[in-house]
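Student: Below, each chain spelled out in residue letters.
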Amino acid sequence: MELRHPELSPRERALREGPAPRLRAVAASLLARGGRLHDRGYRWLTSGPRSLYGLAMTRILLGVVGLGVLLTNFGGRHYSFGTASSWNGELAEPTSDFPRIWLFSAFRATAESPALFTALYLSAIVAALMVTVGLVTRPAIAVHLVLWVSLIETNDSLSDQSDNAYRIFLVLLLLTRCADRWSLDTRLRDARPGRTESLDWLVDTVHNLALIALVFQVCAIYVAGGFYKLAGEAWQHGYAAYLPLQTAQFGTWPVLSELVTAWGPGVAVATWGSILVQIYFPFLLLRRRTRAVGLVAIMTFHGSIGLLMGIPWFSLAMIAVDAVFIRDSTYQALSERVGRSLRPRVETPPAARPESELIDA
Amino acid sequence: MQHPEEPARPARALAARRAVVTVLALLLGWHLLASALWIAPSSPARDVVPGDTLREYMLPMFGQSWSLFAPDPVSADYYFDVRAVVGEGDDAATTEWLRASDIELSRATYHLFPPRSASSAIAQAMLLRGAWGDLSKDQKDVASAHYYKGEDWSSRLHEDLVAAGGTDEVRTTFEEEDAASIAYATRVAVAVWGEDVQRVQYRVARHPVVPFDARHDPTSARPSPAFVEPGWRGAERASPEAQTLFTEYFCSAPAQVCEV
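Going line by line, the protein sequences match chains A and B.
Take 1073 as the starting number for the first sequence in this note's numbering and just add one per residue.
Take 919 as the starting number for the second sequence in this note's numbering and just add one per residue.
Chain A with its partners taken away, still in its complex shape (with noise of 0.2 Å):
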């Protein structure tokens, strides 16, 4: 292009040669900002992976989650999924459209050899524990992600709004380098010669967009949760945390349903505690000190959900994925802190850290 003043910055140029070639410069002002973001968001995706202690703390609780509910339904298995729940036709004809799927079919299809049935129940457990520890990370996550499927969706009637949760994110897990850290497949890539990998940046990329997919997704779930629970009176009226910690389903501690909502104030507080907490969420992540806040919220939100209501997997779930908003910095003076006090007290500690930088959020 050719540069008629090139003395001239392209504002002074433009207020020079009227409306036509100002029109011009402001397009190409935008066109050179739009430019720069897309550097920026260029350098952001393929500079390296962001939250790996976020992403390996994700991986670990949902890896318990899945041990959790495997170890949790093992007595049941027959009852819940397999052969002893043939009563209610989904066997035969699935309500899901997942066992109907020939990659998430295996628990349908084993259903009336109940020993294959429970060497399968095995294998899904070893899988997720496999997740945990970070072993082969990412062929273990796809196979627990698959039999986790196939067994779930098996009984759909049984099946909640937290198994598609943490199908969704074992999907986007499945994306991210979430064994870099905390995993036992560090510790052995540690123990062999270094190699570099000619497309680490594709893998970069690949898990920043993923984590960027577990933010939305998490995020999702609490402001459109909280907006559908604004278009009910019983949470407008403050006191919609009472009712199903009345029922036996949803109140599995009657005592202390009875104990925490015998004071109306407090569950009123509850109740608009939990829309608010819900749909200011991502605001809240935006400032740091916002975002310890809104941080200890949700938990409190999840821990006493988790307890009271009887879903503690589903409440763990969603922390684990909370786990990213924590930053890595965070993670690795928690880490340190607690491996000086771990290791005997031999040596001088290394520097201490100010109190202030552990608990940061």
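No lab work stands behind these hints, which were simulated from the structure alone.
Idealized CB from N, CA, C, for every residue including glycine.
It is possible that part of the hints are untrue.
To be verified - Far from chain B, by Cβ distances over 10 Å, these chain A residues were calculated:
1) 1095
2) 1192
3) 1233
4) 1243
5) 1254
6) 1345
7) 1352
8) 1356
9) 1359
10) 1375
11) 1376
12) 1384
13) 1407
14) 1408
To be verified - Using C-beta positions, here's what the derived DEER-type ranges look like:
15) 1158/B to 1404/A: 43 to 49 Å
16) 1126/B to 1331/A: 19 to 25 Å
17) 981/B to 1112/A: 31 to 37 Å
18) 958/B to 1326/A: 34 to 40 Å
19) 1071/B to 1146/A: 34 to 40 Å
20) 1309/A to 979/B: 33 to 39 Å
For this one, chain A is given, so just place chain B on it according to the hints.
Tutor: Frame of chain A; chain B shown alone:
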């Protein structure tokens, strides 16, 4: 500045990399847009995606719905009760109603990690109740009558339901849930009262909790449960292996009901 020993990366490779990253970022953009439209309450915003593309992209892998406990939270217990006629001729006896849903729930109440089995009768009660609610008065009358004599009771029930009119969809849904409920009731009856079970009856109920404002008022009675009670049906047995597994598990619940 380039390092002298490091060859300059060909500009074409860099451009290709940039193109790949841009395409991946656009894919993410689509995923986020689709997820947002799918997860948000349905709105005219969904029209930005033409045709059935949104559904086809989201289902089944990204299927989800977050209207949990909303707009109206769960505010009632659901019951699944079973009774049976056990024995033949002069020995035939009708059992008391047994609340199977409570037996299952005893695995959840005061347990930190409730298994899913704790609510399978509840889930069936809700499905049956929903299907029943869609039936016409005539269809409900048919379903409330008793069908258990002979081998052909289920085909007689089917014919009478068809004759009662209404859409195929409503009738089929009820028939499926009725069949599942009968099969469940039979498994429970055999587990609890033994192999001599001749016929079964089930009923399901929705029982609202004490209203919030009345929770401290000892004189206020909890609203009564509303029962749905189809007639007696012939027993629908499971394979011996399935029944054994059912019995072992059902009878090992903390609430003991099975005759040992």
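Student: Run every hint past the structure and note whether it holds.
Tutor: Verification of the hints:
1. At roughly 27 Å from the closest C-beta of chain B, the C-beta of residue 1095/A stays outside 10 Å, upholding its exclusion from the interface.
2. With a least CB separation of 16 Å from chain B, residue 1192/A remains clear of the 10 Å interface cut-off, as annotated.
3. Distance check for residue 1233/A against chain B: the nearest CB is about 6 Å away, which does not clear 10 Å, and the non-interface claim fails.
4. The non-interface label for residue 1243/A is inconsistent with chain B: the shortest C-beta to C-beta separation is roughly 6 Å, within 10 Å.
5. Distance check on residue 1254/A: its Cβ is at least 25 Å (rounded) from any Cβ of chain B, clearing the 10 Å threshold; non-interface status holds.
6. Remark: the non-interface label on residue 1345/A is consistent with the geometry, its nearest Cβ contact in chain B lying 14 Å away (cut-off 10 Å).
7. In this structure residue 1352/A is separated from chain B by more than 10 Å, as the shortest Cβ-Cβ distance comes to about 16 Å.
8. For residue 1356/A, the shortest C-beta to C-beta distance to chain B comes to about 19 Å, beyond the 10 Å cut-off, and the non-interface label holds.
9. With a least CB separation of 22 Å from chain B, residue 1359/A remains clear of the 10 Å interface cut-off, as annotated.
10. Under the 10 Å C-beta cut-off, the non-interface status given to residue 1375/A relative to chain B holds; the minimum distance is some 12 Å.
11. No Cβ of chain B comes within 10 Å of the Cβ of residue 1376/A; the nearest lies about 13 Å off, and the non-interface call holds.
12. Listed as outside the interface, residue 1384/A is inconsistent with that label: its C-beta sits roughly 6 Å from the nearest C-beta of chain B, within the 10 Å cut-off.
13. At roughly 28 Å from the closest C-beta of chain B, the C-beta of residue 1407/A stays outside 10 Å, upholding its exclusion from the interface.
14. The claim that residue 1408/A is not at the interface with chain B holds, since no C-beta of that chain comes within 10 Å of its own (minimum 32 Å).
15. Evaluation of the 43 to 49 Å hint for residue 1158/B and residue 1404/A yields a failure: the beta carbon distance comes to about 59 Å.
16. In this structure the hint that residue 1126/B and residue 1331/A lie 19 to 25 Å apart at CB holds, the actual value being about 22 Å.
17. The hinted window of 31 to 37 Å between residue 981/B and residue 1112/A holds, with their beta carbons roughly 34 Å apart.
18. Judged by the Cβ atoms, the range 34 to 40 Å given for residue 958/B and residue 1326/A holds: they are separated by roughly 36 Å.
19. The given range of 34 to 40 Å is respected by residue 1071/B and residue 1146/A, whose C-beta atoms sit roughly 38 Å from each other.
20. Between residue 1309/A and residue 979/B the C-beta distance comes to about 38 Å, which sits within the given range of 33 to 39 Å.
In this structure, the earlier hints numbered 3, 4, 12 and 15 are contradicted, and the remaining ones agree with it.
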